Amino acid sequence: MRIVVAFKWAADYQEASVNGSGEVDWSRARPVVSSYDAVAIEVARQIADAVSGEVIGLSVIGEPTVPSMATKTALARGLDRVVVVADETLNNASTTQTGEVLSRAIRQIGDVDLVLAGDSSIDVAAKMVSSIAAGFLGWPAFTDVGNVNVTHGSGVELTRPTAVGSETFTVTRPTVVALTADAVVARVPGMKDILAAGKKPVEQLSLASLGDLESVPYTVRGTSRPSHGARLQKVIDATDTSAAVKQLAGILRDAGVS
Amino acid sequence: MTWKTEEPDFEVIVIGAGVAGSVAAYQLAKQGRSVLLIERGEAPGSKNLSGGILYCNEMEKVFPDFLNQAPIERRITRNYVSFLNQDSSFAIDYQDTRLAHPVNAVTVLRAKLDAWLADQCTDTGVMVMPGVRVDAVLTETTDDGTQVVGVQAGEDKLTAHVVIAADGANSFISRAVGLRPKPKQNQMAVGVKGVISLPRRTIEDRFSLSGDQGAAFAVVGDCTQGVGGGGFCYTNLDSVSIGVVLRLDDLVAKKKAATRVFDHFLSHPLMAAYLEGGELREYGCHLVAEGGLDMVGDIHMGGLVVVGDAAGLTLNTGLTVRGMDLAVGSAIAAAKAVGTAIERQDVGAQALSVYRDLLFASTTGKDMERFARMPEFLERERLYSKYGDLLARIMHHIFNHDGTPREPAVKVAANAFSRSKVKIGQLLSDGLAGVRAL
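First to last, the sequence lines map onto chains A and B. For the first sequence, this note's numbering assigns the number 1 to the initial residue and increments by one for each residue that follows. For the second sequence, this note's numbering assigns the number 1001 to the initial residue and increments by one for each residue that follows.
Honestly, the hints are just simulated from the structure, not real lab data. Note that the structure is predicted; figures quoted are calculated from it, not measured. For glycine and all other residues, C-beta sits at the position ideal for the given N, C-alpha and C. One should not assume that every hint holds.
Chain A regions said to be covered by chain B (calculated; three or more residues, Cβ under 8 Å) [what the hints assert, rightly or not]:
id, stretch
1, 14-22
2, 134-148
3, 182-191
4, 233-243
Can you build the whole structure from these sequences, using the hints too?
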């Protein structure tokens, strides 16, 4: 079984900060393989180990060269090899473009049975790219999947938690699946995993080799920050902790927080 | 002779990608050694914090073009030493453009500097491995005693001819292997530091600086609310690093909370004026070794050398606080000793004792010896409470014209003296001890 895991080398929002005027400062945020993507890699690895399959990482990067940290970090988490489409023109690519590029690369890789992705990217968090890629491929797409079960010969069984229980699907053809953030607990790569990662194959695909894209790039005209409403402007003196707790509870109650 | 004939995973494994670890790894890789540099943080620099400025001469021995290539913030041309009281302060303000020609000291932000150092390592062939916490070193018993032969993290074990412990002031590695004792409480201090964003121009105006020149403030007295230690403040390009370093034993004895002392320092009128309108960008706490030479102790054994903060190599001379340059100095000595030991195929305790010899023959080791008495001197209580008050009393008599006839300066001093809580004998003793310690 051949599984592709789509992952994104994206700035870690935990290191971004919001300044007084509401602007987000990303300058200090380092790129990472997000915890969402780590979940997808872990699920893929577990399936591949169970059915002796192959796990291929796939990423789209808006830079001319692939940062070695990006591929090493992902490979250390359990991928067998990585394929990257790296091109400057993909910098700030739209979700549609990214989805289409992924679909082309998946076709190029060939014989793919299952595509896994994390819940969303951590920097844009559109939660759309995996479905768009599926659309371009003409494959079914499932999002918010909590469990993937693969047994030889009987297809892929997907379980999706719902508000009242869960839904289970059995899919017998290639499909794209986006996982919930807590589908599994991803392992922390050990020293040997990291060392081995440096020796695994990394293949770079040129955008040109994927043919002309159909999707039309769009331009973001503007963004605005959400208003946070009027602030209560209450300051609690915490010298006496228990009094402060009571005061806080009182303020929350009065404000209608239950 | 202690040497294992089977090929290890790496010739050298360095634990900790701070200044000492990265520089040691870089130099060994330059010698052609296979080096693994392991860092606990998600990226080199993410866990590191420095409360001092970087004196560059050691670094320039390793990277001749350090000043132009490394991400440095400002070149220090203004040193400001202040005794701070609640409502007054007395300062020595030494500003000199000669300090920038050639450049003597610079400010750095560790997140940037350590990332740069790690890049230099990678470019030289070091395998840099962030996000891994080393749990223990692997040891074997030989005829010469315990020999360190590798490291363990989780279930993974990797072997090396030599392990370099550069794991910071609290070095668990050298403690676990029985090389170094747990530091005493009066040898350790806790540093609390914030980085406050301010526009470049505002910093230059407020601190009277031009271009990429920078200022370094060392403050004692009310900044620590009487706790042994001091406050510091220095300028980066578009931020100010400010914090306090508090001796652990005194902090506990005086029942103060480090974060409260930090807040107090920042809101003191002297500092608040510099910081007004700034935004807190980073905030962190870190342990600082303050024991001086006494704390250095054992820094090598079979298969292991200890460098930087982990070896107790920090120096508070009262006027300057040093750590990073000593880290580089120790890394230079360690890389040389370890390289030679591997070359000669003997990595036993005796062979690695060359590290200690090289260290104490270098400026780093000599300075540690020179200031050996300083920690003891700095434990003198009066420095943090009474002298600032005494100086301010004298100045007040001189500058406050209250309409009464002026008194001779000697009498002013004597009066201020008798009203302050400092005794002549104490002053003489402190003065003498201070001079000796310097």
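Do the hints match the structure? See the list:
1. Residues of the stretch 14-22 of chain A lying with their CB closer than 8 Å to a CB of chain B number 3, which satisfies the three-residue condition for coverage.
2. Under a criterion of three residues with beta carbons nearer than 8 Å to beta carbons of chain B, the stated coverage of the stretch 134-148 of chain A fails, only 0 such residues being counted.
3. Taking a C-beta to C-beta cut-off of 8 Å, the stretch 182-191 of chain A contributes 4 residues in contact with chain B, enough for the three needed, and the coverage statement holds.
4. Here the stretch 233-243 of chain A counts 0 residues with a CB under 8 Å from a CB of chain B, which misses the bar of 3, and the coverage is violated.
The structure is inconsistent with the numbered hints 2 and 4, although it conforms to all the rest.
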